[in-house]
Amino acid sequence: MIPTAFDYVAPESVADALAALADSDDAKVLAGGQSLLPILRMRLNAPDKVVDLGRIAELRGVREDGDAIVIGAMTSYVDLLADPLVAEHAALLKAAIETVADPQIRRRGTIGGALVHADPAGDVGAPVLALDGELVITGSAGERTVAAADFFEDLFTTAVGEDELLTAVRIPKHTGWGAAYEKFVRVAHQWSIVAVAATVRMEGDTIAEARVGLTNMGSTPLRATATEEALAGKQASAEAIAEACAKAADGTNPPSDLNGDGDYRKHLATVFTRRAVLAAAD
Amino acid sequence: MTRITVTVDGDTYTDDVEPRTLLVQYLRENLGKVGTVIGCDTSNCGACTVHLDGRSVKSCNVLAVQADGHEVTTIEGLATDGQLHPMQKAFHENHALQCGYCTPGMIMQAIDILKDHPDPSEQQIREGLEGNLCRCTGYHNIVKAVAAAAKAPGAELASSKVGE
Amino acid sequence: MTVSPDALVEIAEESPQADLTEPSGAGPEIGNRRLRKEDQRLITGRTKWTDNIVLPGMLHLAMVRSPFAHAKITSIDTSGAQGLPNVVAVFTAADFPDGMGACANAWPITPEQVTPDHLPMIGERVACAGEIVAVVVARSAKEARDAAEQVDVDYEELPAVFDAMEAMKDEILAHPDKGTNKSAFWKLDSKEAGTGGDVDEAIAKARQDGVVIEREFRQQRLIPAFMEPRSTVVDPTGEQVTMWSATQIPHILRFLIAATTGMPESKVRVIAPDVGGGFGGKLQTTPEEFITLAVARRLGKPCKYTETRSESLISGHHGRDQYQKLTLAAEKDGTVTGLKVDLVANLGAYVAIVGGGVPVLGAWMFNSIYKFPAYQFNCQTVLTNTTWVDAYRGAGRPEATFGIERIMDELAAELGRDPLEVREQNWIKHEEFPFTSVAGMTYDSGNYEAATARAKELFGYDALRAEQAERRERKDPVQLGIGVSTFTEMCGLAPSRVLGSLAYGAGGWEHASIRMLPTGKVEVITGTSPHGQGHETAWSQIVADRLGVPFEDVEVLHGDTAVAYKGLDTYGSRSLVVGAEAVVRAADKVIEKAKGFAAHMLEASEDDLEFVGGRYGVKGTDKGVGLTDIALATFASHDYPEHLEPGIDADATFDPDNFSFPHGTHLCAMEVDTETGQSRMRSYVCVDDIGHIINPLIVEGQIHGGLVQGIAQALWEEAIFDENGTLVTGSFVDYTLPTAADTISFVTENTVSPSTTNTLGAKGVGEAGTIASTPAVVNAIVDALRPMGIDDIVMPCTPQRVWKAIQTAGDHSGDVAAQAQPHFDEGAANADPGVTGEGNGQ
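Residue numbers (this note's numbering), protein chains in the order written: chain A, 223 to 504; chain B, 18 to 181; chain C, 1070 to 1911.
Simulated from the structure, these hints should not be mistaken for laboratory data.
There could be a bad hint or two in this list.
Below, simulated EDC-like cross-link-like pairs (lysine to aspartate or glutamate); rule was C-alpha separation at most 20 Å, straight line [said to hold, decoys possible]:
| hint | chain 1 | residue 1 | chain 2 | residue 2 |
| --- | --- | --- | --- | --- |
| 1 | A | Lys456 | A | Asp504 |
| 2 | C | Lys1256 | C | Glu1270 |
| 3 | B | Lys132 | A | Asp305 |
| 4 | B | Lys161 | C | Glu1818 |
| 5 | A | Lys271 | B | Asp70 |
| 6 | B | Lys132 | A | Glu320 |
| 7 | C | Lys1106 | B | Glu110 |
| 8 | B | Lys132 | A | Asp301 |
| 9 | A | Lys469 | C | Glu1270 |
| 10 | C | Lys1117 | B | Glu93 |
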């Protein structure tokens, strides 16, 4: 319950934060703290320095940038839920964030913190992946942009390097797309056992395009690209959608743990892909 | 050590704290505000819930240094001039507590629900409380209490001293 | 159903009345939905949890715990810890050659019970993960924790056994020096006890021309998971050593501290301040308490230890963990003829304070409300290298009720009959009370017909059955199941003589003192030890009525052995039935004592006085004097009859002559999504009979809380050890307690069949909800899936288990195999090892 001792800095600019990181071999970045603090309290990690991004105003907020919206990495879940740009242009992200943890944790947790923590059971990765998001990473050499598909490397591992920070998430506008996030848990406050993020662009009652992201079906969020292709151009009927989604779990190798065996998870992924697409198309 | 200045229940405190000090530990050990309690070590139980700048957070999941320059309201700051807050009253009138250990966190979270949902449905109340565990009441009366409090004026305010 | 709800009231009035002494006690407070006195401090944060306590110079303890389930300690190097700033001491068992006391087993259920010594700190061999091998003492909790990480312990791992059925084989021994894992075998046979017939004959006959239902059930291991982590503070600096502890049992703890440490009992004071929930989980004397005590005395300084939740989940005792085999014999028309029960119960690494007896408490409850002519109960307790197991809400009775209510549903299914009808056919009829069961228990009162009729009405039983049929017809992917649970339980622990006959180490009485303060206020000192049950309120109501004083003028004191000097604490749904009865009797003694003063003051004879509304009046006149006036007069004592003592305070010790037997009918509707295996509770109705109700508000709360714990066993909770004996469900992330978002609102009502064992006519309620609800939920899920050929789901009924059962449906052996449970071998549990402890049917 008591973390090990660490030094603490709360820089007020990205440059100062990067300098603080570069200055130490064993520093951890503190975003919302909702994943980091439990880890520190259980002593699963014992950094010698914690760099708190909480005072860096430029890392918060959502803005429009042409055909995309840009979300500051330190934007909290509750701010994202209330944001009109997110609601209009990235409804899938909103649908997923609504299911994260509980209200108190959503008050403090940030999109950037969750993405970089990269827990396979986290709910933010699959929608960002499904929305073809791009992650803006800043280091001493400047900014670089990494596609979501390349950002998630493994369990708790992303493309963000040791002395770099995720500073923004760029989501291409999916204005007017239907969206749904189906999350399967045993009790309400659990991490996702399996979850599916689905967003569709409708033309009348036909699914013109579909994007499907899977949560906790592997060590990173996954795209069900075969299902996306199968859905394209289909009528949004229960049968057609069911058929198109039948192979949503193909090629996945989900973990077996306390909450479910791999084969059960694959089954769930298929069921919830169907349900999510149906709901999104509605 | 890091110097912090925090306003808690209307009073301002300045202290030097180790950065690893959790807000809940700061409240309990440095300030003697033992009304806020610790129930778990994984941020599941919510017994430590307080308001930070008027909105609910789990104080085990916030470092005291992060509260520097901010306002905290605990269960001890709710009653004003000896008058119980409408949510405290509703918990009492609806027998929404038994051992009382989860109660401070539950009350603070219940108030927060009303800020977003002034007239909440049972479903909204239950979902709003999913970060707060209770082992005694089975939640039935807690839900009743929140619904009852929603009808009382001022139930969504943390206290008259803290702005929204 | 043969009884209409309109007849409900009539039936209740016809019930055998308790022998009520004057005054009747049915005044304006009893039955009142009084809001609780306890609330004011709890809703404002003005609480007195043990962890709040700060004393001058207080030191903090951090424990070093074994990560291994079974290991020899080969070396402990504390030097890394001792050098750290503000570390005052680091102790191992070697530093206490005279010991630190012991965690005693107060209930050896047989004289031969194998009972390993349970020392607070381990020096040689750790028998389960979490055992304490060293303690660090520092000026702050942080420093103690940091230093604890620097204590270097080397272990040599030993082979370990975790599962109870595995332990039965005696291949790997939890305690090699004991030579066996089998702790005790206990049997109750109705033929041998003279309370019924021969169960083997009944079963054999039923195999010929009746019906035999055989089932194996698994009671999974649970964790009580009270919200307040345990904490102990010891101040050794006073004339008495004072221990504050988050305990349910301050009196018993004091006694056992004295008994096991050699400290004079009069030098020990134990205080349970505000305690945040217990549910049986704080009914224990713990290693942490003994270590804190020993360290504080050694150092001469106040010491505090507060556990983290992770420590609590591994080191606080667990509950349940049984394998059950039930064999039920019946005639083809559904009349039951015999029940045989075989249990294998996991005690964990030690026989905890009452852990050996908890499974045995089910002995009298498997037969439940049904008139079995023949009955046999066999229980083998075993030791394993897991956390010790002891009482958890219901303690032996939920396990029993689960077994019988599940198998009664199986009987109904086998016969193609409605489960409530089959139960009614076999249960004790209202007019048959008092009824002595085949297990030898005499149930005082009850009315299963009335409770069931009302429950069905509230539930909409017929409409739900119709909906169920419709959904089956159209093969709806979401199926509806209806679960039934009609239960009784034995609580109000307990008649001391019965406890004696079972070798239980203590009595079952309870004590109360009433002090009439001169200024008119009343202090009630109770030996019960509430931790959420509202005794301060309910006892105030009782005394207000009995003595005719205002509710607000009564102060209830408890939990401090220096104040409430005598008591047996709170568990087993005993406090009202036994504890409040002691309060009533003390009050009656006060009234009797004061009568002599009243007669003197009124210059009348005692026979001419009547006591009404707190006042002694001379019959036929309006002369009178108030009880509280008498209290003031005795303070001065200037003028009082010579034959009286100048005081009217009184105390009473009450020992019940029987358990109390609440009952109820619980109905649960579950929707099961056959695509995912996820179940969702649609509705839950219960009508419980707990005798006369003192405070309906408190009763409702107890039932709600009990229901959710029982439902949680059915759906969500299980304490799981991996193949290394590590507790996998070691935090609230993985030990999944339900939240408000997972549960629903309940419909609860009561019928009233007064108890005959106490003046108030009350029965216990604390555990009833938990006892009844688990089978109601599981029966509902199985009911939903039965058409698919499924007749059991192992608890907790996780979505995966349900889904897998559906996939392998129709092949009964596949259900159990798919859920990978060990089986009873032929004769495994009831193999009499040559020595038995016989249960005494009453």
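Quick rundown of the hints versus the structure:
1. Restraint check for A/Lys456 and A/Asp504: the C-alpha separation of about 14 Å stays at or below 20 Å, so the hint holds.
2. Proposed proximity of C/Lys1256 and C/Glu1270 is supported: the alpha carbons are some 17 Å apart, at most 20 Å.
3. Taking the CA atoms of B/Lys132 and A/Asp305, the gap is about 17 Å. The hint holds against a cut of 20 Å.
4. Of the pairs offered as hints, the one joining B/Lys161 and C/Glu1818 holds, with about 17 Å between alpha carbons and a cut-off of 20 Å not exceeded.
5. With a C-alpha separation of about 26 Å, the suggested pairing of A/Lys271 with B/Asp70 is violated against the 20 Å cut-off.
6. At roughly 17 Å between alpha-carbon atoms, B/Lys132 and A/Glu320 fall within 20 Å of each other, so this suggested pair holds.
7. For a cut-off of 20 Å, the pair hint linking C/Lys1106 to B/Glu110 stands: about 11 Å separates their Cα positions.
8. Pair hint B/Lys132 plus A/Asp301 holds up; C-alpha atoms about 15 Å apart against a cutoff of 20 Å.
9. Distance hint between A/Lys469 and C/Glu1270 is unfulfilled; the C-alpha atoms sit about 57 Å from each other, more than 20 Å.
10. Distance hint between C/Lys1117 and B/Glu93 is fulfilled; the C-alpha atoms sit about 14 Å from each other, no more than 20 Å.
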